Structures are given as C-alpha cells and as structure tokens.
Amino acid sequence: MDGLRFHVEPNFVYVDSTEELTNFHKITNENLFPIIFRIKVTHPYDFRVNPTNGIISAKQTLILKIKRLETITRSDRFDIEALPYIEELLPIDKRTIEIPLQYRIQWFFSFGFTPIICSIRYKQVEPWDVIFPALDDSDNLKISPNLSQICKETGIISDERGYLTLNEFIILDAAITRNEVDSIP
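Position 6 of the sequence shown, counting from 1, maps to 6 under full-length UniProt numbering, and the rest follow consecutively.
Just so you know, these hints were derived from the structure itself, not from any lab.
All values reported here derive from a predicted model rather than from experimental measurement.
Treat the hints with care, as some may be off.
Simulated restraints, written as ranges between beta carbons of each label pair [to be verified]:
#, residue 1, residue 2, range
1, L147, S17, 17 to 23 Å
2, L101, V125, 25 to 31 Å
3, V125, G162, 29 to 35 Å
4, F111, T52, 18 to 24 Å
5, I117, D173, 44 to 50 Å
6, T177, R77, 37 to 43 Å
7, S110, R77, 21 to 27 Å
8, T165, T52, 48 to 54 Å
Below, in silico cross-link-like pairs of lysine-lysine (DSS-like), each with a Cα-Cα straight-line distance of 27 Å or less [said to hold, decoys possible]:
#, residue 1, residue 2
9, K123, K65
10, K40, K65
11, K152, K142
12, K26, K40
13, K123, K67
14, K152, K26
15, K59, K26
16, K123, K40
17, K152, K123
We put the beta carbon where it would ideally sit given N, CA and C, even for glycine.
Let's have the full structure, built from the sequences with the hints guiding it.
Structure, rendered in structure tokens:
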C-alpha cells in the first residue's frame with residue numbers, strides 16, 4: 001500500500017464580515033483504496049459541518065459543506081484527519097449486527113495510528129489591510145488652514161493644502177510632542 005494521499009479544494013477562505021457564510025469544499029481521495037476521515041475545528045460552536053466524518057471510496061470525491069454562523073470575524077482552522085479504511089481490521093462477529101459508521105470511525109482512530117492531516121483555513125482579513133490604506137487617505141488626515149500655514153512655514157510641507165500625508169503627520173506629531181530636553185536624531 002502506497003502512502004495515503006488526499007487533498008481539499010479550496011483549502012483557504014477569507015473571512016471579512018460577521019455575516020453567515022456557506023462554502024463547499026471537495027475532499028478528493030487519490031488512493032486505490034478507501035479512506036476514513038473525521039474533521040476537527042478550532043471553534044466548533046461557530047460552524048455547522050456536513051459531514052463531520054465518513055468513508056471516501058477509492059479515487060472518489062466528497063463534497064463538504066461548511067456553514068460559518070453569524071459571529072465575530074476571526075481566523076479558524078479545520079483539520080481533516082484521514083486513515084486507510086481496511087475493513088479486515090474491524091472485529092466481526094457473525095452473531096452481531098453491522099457496526100454503525102460512527103463506531104467504525106471511532107474504532108479506526110483509536111488504533112493509535114497517526115492520521116494524515118489536510119487543513120482548511122478560514123482567515124480573517126489582516127487589520128492593517130484596512131488601517132494602512134485608511135491612513136494614506138488624505139480625507140482622514142485633514143488639517144485646518146492655520147495648521148497648514150504653520151506646516152508650510154516650518155518646512156513640513158512645501159505648499160499649503162488641507163491635508164497631510166502619513167509621513168508628514170508623523171513629523172508634525174514628533175515636533176509637537178517633543179520636550180525641550182529631547183533632541184531630534
């Protein structure tokens with residue numbers, strides 16, 4: 001038996017709002033044998049996953065539905081753990097009924113074998129992706145005509161205008177907050 005191979009598409013989703021979000025992911029078994037899988041998530045109460053475990057036949061694809069409930073924006077990770085499904089490893093007693101799927105999955109993952117893991121990441125948009133463009137927007141760094149004139153006279157800006165760039169604002173802030181004993185490097 002070759003190494004276990006499977007992949008998930010898409011394996012990355014950007015989360016940029018608190019609204020409910022539903023995505024479909026394909027889990028593809030690349031092997032010539034079936035695999036058994038289960039899914040773990042960092043914040044299980046914020047998501048509805050269907051199915052959470054199961055068996056994927058050889059060379060088949062399963063559609064995984066993940067619904068992110070309305071909640072705060074944050075990053076999350078889903079780990080899809082998989083093992084080869086070898087039915088001969090299940091205890092079979094002719095006097096008992098067939099073992100339900102849930103118990104077969106628990107049984108396989110209790111053997112102590114290390115599962116192969118693929119992850120799906122739900123990534124929060126980085127805060128600086130919003131902050132830095134906002135700081136570069138001249139509408140957010142407006143100044144009064146008097147302050148514009150002072151900035152021109154002190155050489156912070158070359159012409160009078162109603163806004164400062166972020167660098168000019170930093171220079172102005174350093175000049176205003178500096179103490180008498182401080183020196184400018």
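Right, here's what the structure says about each hint:
| no. | hint | result |
| --- | --- | --- |
| 1 | L147 / S17: 17 to 23 Å | violated (37 Å) |
| 2 | L101 / V125: 25 to 31 Å | violated (38 Å) |
| 3 | V125 / G162: 29 to 35 Å | holds (30 Å) |
| 4 | F111 / T52: 18 to 24 Å | holds (19 Å) |
| 5 | I117 / D173: 44 to 50 Å | holds (48 Å) |
| 6 | T177 / R77: 37 to 43 Å | holds (42 Å) |
| 7 | S110 / R77: 21 to 27 Å | holds (23 Å) |
| 8 | T165 / T52: 48 to 54 Å | holds (51 Å) |
| 9 | K123 / K65 | holds (17 Å) |
| 10 | K40 / K65 | holds (14 Å) |
| 11 | K152 / K142 | holds (15 Å) |
| 12 | K26 / K40 | holds (16 Å) |
| 13 | K123 / K67 | holds (15 Å) |
| 14 | K152 / K26 | violated (60 Å) |
| 15 | K59 / K26 | holds (13 Å) |
| 16 | K123 / K40 | holds (16 Å) |
| 17 | K152 / K123 | violated (44 Å) |
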